[in-house]
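**Q** In order, the protein sequences belong to chains S and U.
Per the working numbering, residue 1 is the first one in the first sequence, and the count goes up by one each step.
Per the working numbering, residue 1001 is the first one in the second sequence, and the count goes up by one each step.
If you are wondering where the hints come from, they were derived from the structure by calculation, not from laboratory data.
Take the hints with a grain of salt, since some may be wrong.
[Unchecked claim] List of simulated lysine to aspartate or glutamate pairs, DMTMM-like, C-alpha gap at most 20 Å:
| # | chain 1 | residue 1 | chain 2 | residue 2 |
| --- | --- | --- | --- | --- |
| 1 | U | 1227 | S | 556 |
| 2 | S | 560 | U | 1174 |
| 3 | S | 562 | U | 1174 |
| 4 | S | 546 | U | 1346 |
| 5 | S | 560 | U | 1050 |
| 6 | U | 1334 | S | 547 |
| 7 | S | 566 | U | 1276 |
| 8 | S | 551 | U | 1140 |
| 9 | S | 551 | U | 1232 |
| 10 | S | 560 | U | 1276 |
| 11 | S | 546 | U | 1189 |
[To be verified] Simulated restraints, written as ranges between beta carbons of each label pair:
| # | chain 1 | residue 1 | chain 2 | residue 2 | range |
| --- | --- | --- | --- | --- | --- |
| 12 | U | 1025 | S | 524 | 45 to 51 Å |
| 13 | U | 1309 | S | 239 | 57 to 63 Å |
| 14 | S | 239 | U | 1258 | 54 to 60 Å |
| 15 | U | 1279 | S | 522 | 30 to 36 Å |
| 16 | U | 1321 | S | 241 | 49 to 55 Å |
| 17 | U | 1121 | S | 357 | 57 to 63 Å |
| 18 | U | 1336 | S | 565 | 19 to 25 Å |
| 19 | U | 1321 | S | 226 | 52 to 58 Å |
| 20 | U | 1336 | S | 334 | 31 to 37 Å |
| 21 | U | 1024 | S | 524 | 41 to 47 Å |
| 22 | S | 565 | U | 1314 | 21 to 27 Å |
| 23 | S | 565 | U | 1113 | 34 to 40 Å |
[Unchecked claim] Calculated from the model, a selection of chain U residues having no Cβ within reach of chain S, i.e. all distances over 12 Å:
| # | residue |
| --- | --- |
| 24 | 1016 |
| 25 | 1127 |
| 26 | 1220 |
Bear in mind that the values here come from a model prediction, so they are computed numbers and not experimental data.
Where is the CB? At the ideal position from N, CA and C, for every residue including glycine.
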Amino acid sequence: MSDKSKIRNFSIIAHIDHGKSTLADRFLELSGLVRREKLQKQMLDSMDLERERGITIKSHPVRLTIGDYIFNLIDTPGHVDFSYEVSRSLAACEGAVLLVDATQGVEAQTVAHAYKAMEHNLTIVPVINKIDLPSADIESTKSAMAQLLGKDDIEPVLVSAKDGTGVDELIQRLINEIPAPSGNEDGPLQALVFDAFYDNYKGVVSVVRIFNGEIKAGDLIKFWSGGTVSEVIEVGVFELKMVPVEKLTAGDVGYVAANIRDIREVPVGDTMTLASQPSDNPIPGFSPMKPMVFASMYPTENEDFERLRESLKKLQLNDAALTFEPENSQAFGPGFRCGFLGLLHMDIVRERLEREFDLDLILTSPNVEYHVLTRAGDYLEIRNPADFPDFSEVELVEEPFIRGTVVVPSAYLGNVIQLCENRRGKMVQMDYISQDRVLLKYDLPFSEIITDFYDQLKSMTRGYASFDYEHIGFREADVDKIEVFINGRKLDAITLLVPKEEVMRSARSVALNLKRTIPKQLVEVVIQVKAGGKIVARETVKPLRKDVLAKCYGGDVSRKKKLLEKQKAGKKRMRQFNQVDIPQEAFLSVLKADSDS
Amino acid sequence: MTGFYLHVPFCHERCPFCDYYSVSHMPPKWSDRYTDAIIKQLDGVPKEVDTLYAGGGTPLCLGVSNWKRLVSYLPKARERTIELNPEDIKPENMPVLENFTRLSIGVQSFSDNVLSVLKRSKVGFSTLLDLKTQWQISVDLLIGVPRQTREDVKRDILSVVALGIPHISVYPLEIHEGTPFWSVYKDWDWDDADLMLEIEQFLTERGYEHYEISNYARPGYQCLHNKIYWHDEDYYALGPSAAGYVGGVRYKWISNIRHYIESIEQNKEPPYEEYEEMSLVDQLSEYAIMNLRLLQEGIRRQDVENRFGPSAWDTLVKQANGNTFLSVSDSSIKVSNWLFFNRAAESFV
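In isolation and in its complexed conformation, chain U is listed as follows:
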């Protein structure tokens, strides 16, 4: 499969915990120029892919009229996901959303005290129920937020299940250097592993598959686009800071909107922030680490041999040898305790 990722680097307000590249309070002209630039750059992207994902930033910050201009240039794809923030869910945005099959909503929490720490607004239950009628819905939930109680978390999980949302991503809050949270919560050391296991148990008992470290889905609702990443397959990417992986080359566009747009306006490619032609050894290493994130599938022997040849499997088995966080069978290598994924992955680094 092949994917396409579009990074929209605009936000109404920067969230204090987020370290993805985006800018806020730009003059509206910037979103117009950005749209023009992307339309121009889309020439170099296949017309048809399997999955398309618009993330950010806040994709809807681009504005309805720009989206209307943009959609006809985007590659065709059977799964089309767009990320949404609570404040994006309003009638005038509906025509944009109609171009997508799947909405990934940054709910984070339903608890007011947690949302106030995160400086985020709330999504109503009824809103989610409405959206569910037309789209595949995924929600993001944060755990390990300062002042968040275990009860807050359990209520959030219960709510999502009760609403029948088929896909849930659960992330412990990460405190990144350079964010406003860093200065306040630098030493925040949340390690409630028990809660993470309780969430897993609760969701799997209710028919969700824990298919990736941080992702749960009902059968048939796994995110195909993200699975391209974890299967280490090819994906194109556009937008400042967006990263792609095509034909063994990893690249990342410069994380600077002005630089990015101006290059394209001058009919040049924007500069890469990173560009690496991966050696086969590195490709195998990343392949192993990424596939290992898929808790049920793991690293599959058949796939390894198809892609890297028969000796590659032996290489991986040898590297896995002695690592108690891995379970190796004749047909796959999986993590034995997902809470220690890093220890498991170490064998392949």
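Just chain S, with the same shape it has in the complex:
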């Protein structure tokens, strides 16, 4: 439907807080989709949580008409948990804006995302943002970007997304430099599905980039990977809302609603084609998104189990990355083993369940997946340490590794290297990207990242280090199992796998952290930690002898009532086990590897 030569499909890739959303807001204004005074800050971040946290989680495309041109801006998420979605977005584009904050310079995510854009052979338009700030260092930002892109010299567009300086020039550069989409309107339909979401009225909506052919309502479509044939009900484009159009043709970015009710029937990354006239081959997609972090979720009250299941289902409608399957803990009864992309994703799911579905939950400490080869020759994928076989039966264990990118001022280089080495890292690259900033690449076990790695990195570099990672597959691991007993009964929901040489230290810190987080109870609480078949650490929580507000007179009534309310509310985030109330913090405390005493 559109003149292909006047279409530009692009993403903005940037480190978090480098101004991506603000720049997107300027584009929205230029297109006339919103007026400045009406602009809600960060228009494209549609979930409340996204706006609160100031990050983009879901990618949203938006179609902007500026002058004669149509720009499809395909937004990318800003957090490493969702970096998988960056690849998806890039696959739908011909070009990318590489946006760097002149006051911060090239950061880890800039590097990671720029490499991804280069892997996708995208035309990269370098842009330096925040040039209006006094601390802007345009020259060194420019040279670091040139080095990153492997060029001797680049000519970045200098912009201030905040006040709009340079944005017109940037539009011109996008028109001149980013190639118009190629492809053939008349060929068989090839549409890359790069996102999908659930809409209450339209069912599952596939977000697509048409590479060849055209699609319109009434067409019968199918996916390359298989599945049933469905009839297209509506096609359209994204302005700020979904706007139906007659058809989408090669080069377009838009949506297809085909009366599909289950999001899992729309394989993101797959190619959509016509049932009657299928394309010869699919568009090279991307490997399906896989959960990398696993944790168990239990309602604090058993009777909420079904409600939790329903709520998880509803979340999954719009979050194909979330997986869950029922499991039965000896300690807590029925719950779900959930899979997440990363810790932020986990946090968001928990928060949404509590906020939007009013559930009180216990979430166990997260862990990675382990691959186990047993002596008997069985291959197991272990997502719950409690399921780990006896070590006498284990031939080989593998755990997932990541390649981490760290950009850090050279003054803190030593600290970062020490941290990475302590976390079983292997250095693969170290380069100065400017006089005083270093790019480090480390291969690290992912299990080390999902503890407090990021917090540690930030604190030992005073917040100056930036970090990004990508998964690089499984490598051999040498781990041992740590189990926790409360008053003699095994608390299977706290089971950890730790590197063998760390077992004693971890066991002690688990016991101590539990002692600190489990409040005094009516009975004495004995915490025992077992590893290698032996109890290796023990702590006790003395029994509570009294729980009484001694003073309560006329002036205190409201205040004392609030205290009682707080105390009662605290109980909601605890789970009873063997007559002991275990608070949520206890589960998370066990991951804090280093205890300070």
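Once you have looked at the hints, place chain U on chain S.
**A** Only chain U this time, still in chain S's reference frame:
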């Protein structure tokens, strides 16, 4: 019954453990202005109540001449209590005390080592004996004070009993954020429940009734004013930070002496720090929690039904169901173990 509470927000020195609102070292003019303000505000308080209680702060910090001006404006009441600190007990204050029937004395302890931790002065035995001839006496004792031994506590209790003091309040020291004690004793975690039980046993064997969580009294000596709080009946209150409860409304005046006085001087009501028209559900909840503090009376069915209607009793019984810290009978709900009052009260929160 109806009560009236007057908060006098002045102290000679702030005690390092206290978190009630008061100011010290104010120019004397402030107590004059405060007295004027209260006299003006007393217009809105009934002329007659059942109980009157002057607390603080340190009520006598207001000064003898201000008290002399103030008393004629105070509502008439059959029980009139004033709080005293040891240093207030001196001849020139006697004319003020003569307007009261009951003295609540902040003794805290008779042990020098404990008093030095608390930075408090001591009351002599003979002083208490003298005062006892003219007034109903109540003493406050603190337990769980750093460096206080169990023997210190037992001697304090024994002394009060030996002196024939008919009303004793025993409080474990609370360490409040924002007090000087917080920075030193933040992690103080005293939980000698056994000692609390020993005190209870000792006093009940000697004819004291453990009538409220922290209060013991000989028959006929329970504090009527405080019982208004625990019975959740109406009381008026004046003074910065003072809280009242009238006709289902809880209010608390602003905790700022300057703001308080200046408003009244400008013929305005001082601002409320809190003001809540309680729903019936909340009223019943607070009623239950407060009455539960009365260990012998508990929540009385008859009173609940008179006040909230017959279904309210069923509501409370239902809420109490399954709570092992409560004992429910046909006529009352009481705590079964007062050391776990909070667990008992949870049913009604």
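**Q** The structure should be examined with respect to each hint, and the outcome stated for every one.
**A** To see whether the hints hold, each was checked on the structure:
1. At most 20 Å may separate the alpha-carbon atoms for a hinted pair to count; residue 1227 (chain U) and residue 556 (chain S) meet this at roughly 14 Å.
2. Distance check on the hinted pair: residue 560 (chain S) and residue 1174 (chain U) sit about 13 Å apart at the alpha-carbon level, within 20 Å; holds.
3. For the suggested pair residue 562 (chain S) and residue 1174 (chain U), the alpha carbons sit about 17 Å apart, so the restraint of at most 20 Å is met.
4. For the hint linking residue 546 (chain S) to residue 1346 (chain U), the alpha-carbon distance of about 14 Å falls within 20 Å, and the restraint holds.
5. Proximity of residue 560 (chain S) to residue 1050 (chain U) is assessed by CA-CA distance (about 25 Å); at most 20 Å being required, the pair is judged violated.
6. Restraint check for residue 1334 (chain U) and residue 547 (chain S): the C-alpha separation of about 16 Å stays at or below 20 Å, so the hint holds.
7. Pair hint residue 566 (chain S) plus residue 1276 (chain U) holds up; C-alpha atoms about 19 Å apart against a cutoff of 20 Å.
8. At roughly 11 Å between alpha-carbon atoms, residue 551 (chain S) and residue 1140 (chain U) fall within 20 Å of each other, so this suggested pair holds.
9. For the proposed pair residue 551 (chain S) and residue 1232 (chain U), the alpha carbon gap of about 15 Å is at most 20 Å, so the pair holds.
10. Restraint check for residue 560 (chain S) and residue 1276 (chain U): the C-alpha separation of about 15 Å stays at or below 20 Å, so the hint holds.
11. Of the pairs offered as hints, the one joining residue 546 (chain S) and residue 1189 (chain U) holds, with about 11 Å between alpha carbons and a cut-off of 20 Å not exceeded.
12. Between residue 1025 (chain U) and residue 524 (chain S) the Cβ separation comes to about 49 Å, which falls inside the hinted range of 45 to 51 Å.
13. In this structure, residue 1309 (chain U) and residue 239 (chain S) meet the distance hint of 57 to 63 Å, their C-beta atoms being roughly 59 Å apart.
14. For residue 239 (chain S) and residue 1258 (chain U), the hinted distance range of 54 to 60 Å is satisfied, since their beta carbons lie about 57 Å from each other.
15. One distance hint, 30 to 36 Å for the beta-carbon pair residue 1279 (chain U) and residue 522 (chain S), holds here, with the actual separation near 33 Å.
16. Separated by about 52 Å at the C-beta atoms, residue 1321 (chain U) and residue 241 (chain S) satisfy the suggested range of 49 to 55 Å.
17. Remark: the range hint 57 to 63 Å for residue 1121 (chain U) to residue 357 (chain S) is upheld by a beta-carbon distance near 59 Å.
18. Taking 19 to 25 Å as the suggested C-beta distance range, the pair residue 1336 (chain U) and residue 565 (chain S) conforms, at roughly 22 Å.
19. With their beta carbons about 56 Å apart, residue 1321 (chain U) and residue 226 (chain S) fall inside the hinted range of 52 to 58 Å.
20. Checked against the hint of 31 to 37 Å, the pair residue 1336 (chain U) and residue 334 (chain S) passes, with Cβ atoms roughly 34 Å apart.
21. Residue 1024 (chain U) and residue 524 (chain S) have their C-beta atoms about 45 Å apart, which keeps the hinted 41 to 47 Å range intact.
22. Judged by the Cβ atoms, the range 21 to 27 Å given for residue 565 (chain S) and residue 1314 (chain U) holds: they are separated by roughly 23 Å.
23. Checking the proposed 34 to 40 Å range against residue 565 (chain S) and residue 1113 (chain U) shows it holds: the Cβ atoms sit about 38 Å from each other.
24. Every CB of chain S is more than 12 Å from the CB of residue 1016 (chain U) (nearest about 17 Å), matching its label as outside the interface.
25. With a least beta-carbon separation of about 25 Å from chain S, residue 1127 (chain U) lies farther than 12 Å from that chain, consistent with its non-interface assignment.
26. For residue 1220 (chain U), the condition that its CB be more than 12 Å from all CB atoms of chain S holds, with the nearest at approximately 21 Å.
Of the hints listed earlier, the one the structure fails to meet is number 5.
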